[in-house]
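Enquirer: Listed below are the residues making up each chain.
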Amino acid sequence: MVERTPFLNFFTHLILFVGFVFCVAPFVVVAIAASHNLRDVNDVPMSLLPGSDFWVNIKTAWVTAGLGPKLLNSFIVAGGVAAGKVIISALTAFSIVYFRFPGRMFIFWLIFVTLMLPLEVRIVPTYAVVANVLSPYQAILDVTGLSWLIEKLSGVQVSLSLGLLNSYPGLILPLVATATGTFLYRQFFLTVPDELTEAARMDGAGPLRFFIDVLLPLSRNNMAALGTIMFLWAWNQYLWPLLITTDQSHAMAVTELKQLIPNVGGTPEWHIAMAGTLIVMLPPLLVVVLMQRWIVRGLIATEK
Amino acid sequence: MEKRVTFSSWTIGILFAVPQLLLIFTFFYWPAGQAVYWSLTLQQPWGGGNIWVGLDNFRSILANADYWNSITASLVFAGISTGLAMFIALVLAALTDRQLAGSRLYRVVLIWPYGIAAPALALAFRFILAPEAGFLSAINRMWPGIWDPGLDGADAMASIIVAFSWKYVGYNFIFFLAAFQAIPRSLIEAAAMDGSGVIRRFWDIQFPLITPTIFFLLVINITESFQDSFGIVDIMTSGGPANATNLMVYKIYSDGFKGLDYSGAAAQSIILMLLIIVLTIFQFRFIERRVHYG
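Same order as they appear, the protein sequences are chains A and B. Add 1 to the 1-based position in the first sequence for the working numbering, that's all there is to it. Add 62 to the 1-based position in the second sequence for the working numbering, that's all there is to it.
Keep in mind that a hint or two might mislead.
According to the in silico footprint, chain A covers these stretches of chain B (three or more CB under 8 Å from chain A) [to be verified]:
| hint | region |
| --- | --- |
| 1 | 229-239 |
| 2 | 311-324 |
According to the in silico footprint, chain A covers these stretches of chain B (three or more CB under 8 Å from chain A) [claimed, not checked]:
| hint | region |
| --- | --- |
| 3 | 80-92 |
| 4 | 127-136 |
| 5 | 328-334 |
Hints are computed from structural coordinates only; laboratory data are not their basis. Remember, it's a predicted structure, so these values are computed and weren't measured experimentally. Ideal Cβ positions, reconstructed from N, Cα and C, are used throughout, including at glycine.
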């Protein structure tokens, strides 16, 4: 649009520049603090010129917080959650959109409700379930009298138990158990023309064949967007991993940041803390930069 | 909207939904039901089982001044941080939507905060806002004691609001930008030809068209401020000083897992759930009326 508004343009640039600084400043401060030594980082005010200890600090933070294996755990959990959501949501959406069965709307609402209550507010009982993931099923057997019956008939006392604390399934499955992706797929499947389904059926393709050969290839964009958003979301989880990983071998990178908070007594080691922060910030930031287009598309689609 | 062409073998159809149903039963509905049950019972110490106490847990929580303090802190936090994050993001998105040199660069960078984990940005801001180190230390040297989130409740609240808003400016920006870009250029150009200025066009055309996005983000931001704040509080203030930042989700965690009061924590979870649901319904009823859907 050709319009001469020099005054407004000047203001636009000014405000955007302030916004730019506002967004970038924390990253810059973290990076600079991570390059100082103990004395310089506690200088008042801290120098904004980078110091020379960047790699030393990165290495110290890496070793102190054991970030290597924890970053690997983060990748496994975030990748697992992303894959789980992408696959399970596609299956469910296919079921809801392409079949007519009794109770279909009931299932739809069962799934929809899960969007209302995030993990944080049901954290205490979810913890109990993960401590023994079969406890709901044991309770059903007990209440319905089935375990009594089995004990009478076979003499075997039923006690189902499977603990998932400190395990990858325990970290991943509860995070997969909401419906965020299902509605994204549902919206998309509804836009797929009926003619495609008819053609596939005429060619003799069953539902499974149609799903794998027609529907999934068409939803590549959705999968990329959903996978990216879920990867970021899972990578950034904090409360859940903090609770269920008492054993260091399954801890995630984000929860280890707490160990880097400087102690109150003594000179605070902010340079190490900031080096660790930088390491943990970097992978999701890279994902955002690389997948920017997909994130925007995916978020727009979830909104509808 | 429904499909005309469907598959007839509906048993196969149900099978496709089974994995999700099993997952949400085990990790969603069962724990949610358990939360309701626990909130109505009292767990006896030393494994004596549960005794039914009805609404006693709720009574004792609601009689506790600490709990009301936690509700107030959560509402203050939600109100201010949502307002800030939405207003700043709206201004930035409206401005980057204009075609100017450098808009693309701004768009790329302004999305960055979206990817950063709350605890990571919390640790970064804890350093940036530390009274004795980093940046603000200079201000504290000039006016000693003017800023100390470790001792002053208001300062601590300001710290967590800054950190939370920073992240959600990035989040909101993506949605606002998408909403602005969805407005047909021709509409704005036509108005420009009729001689209406930039500000007039914003209020008469763009703003009404993005009200659904504003509404959607309002719901999301407020809901998230009750949940996603956990990592920020845990890293920056641990609920202190003197409970000034002991937000509801943090209190559930500390009462339940540090204080081992499962019944009390479950009752608080139920209240938080109800609060979120009431706020969502309230927003739907009173704000959605003003929303223009295209």
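Enquirer: So, for every hint listed, does it hold in this structure?
Expert: Do the hints match the structure? See the list:
{"no.": "1", "hint": "229-239", "in the structure": "holds (count 5)"}
{"no.": "2", "hint": "311-324", "in the structure": "holds (count 6)"}
{"no.": "3", "hint": "80-92", "in the structure": "holds (count 11)"}
{"no.": "4", "hint": "127-136", "in the structure": "violated (count 0)"}
{"no.": "5", "hint": "328-334", "in the structure": "holds (count 3)"}
When the structure is compared with the earlier hints, a violation turns up for hint 4 alone.
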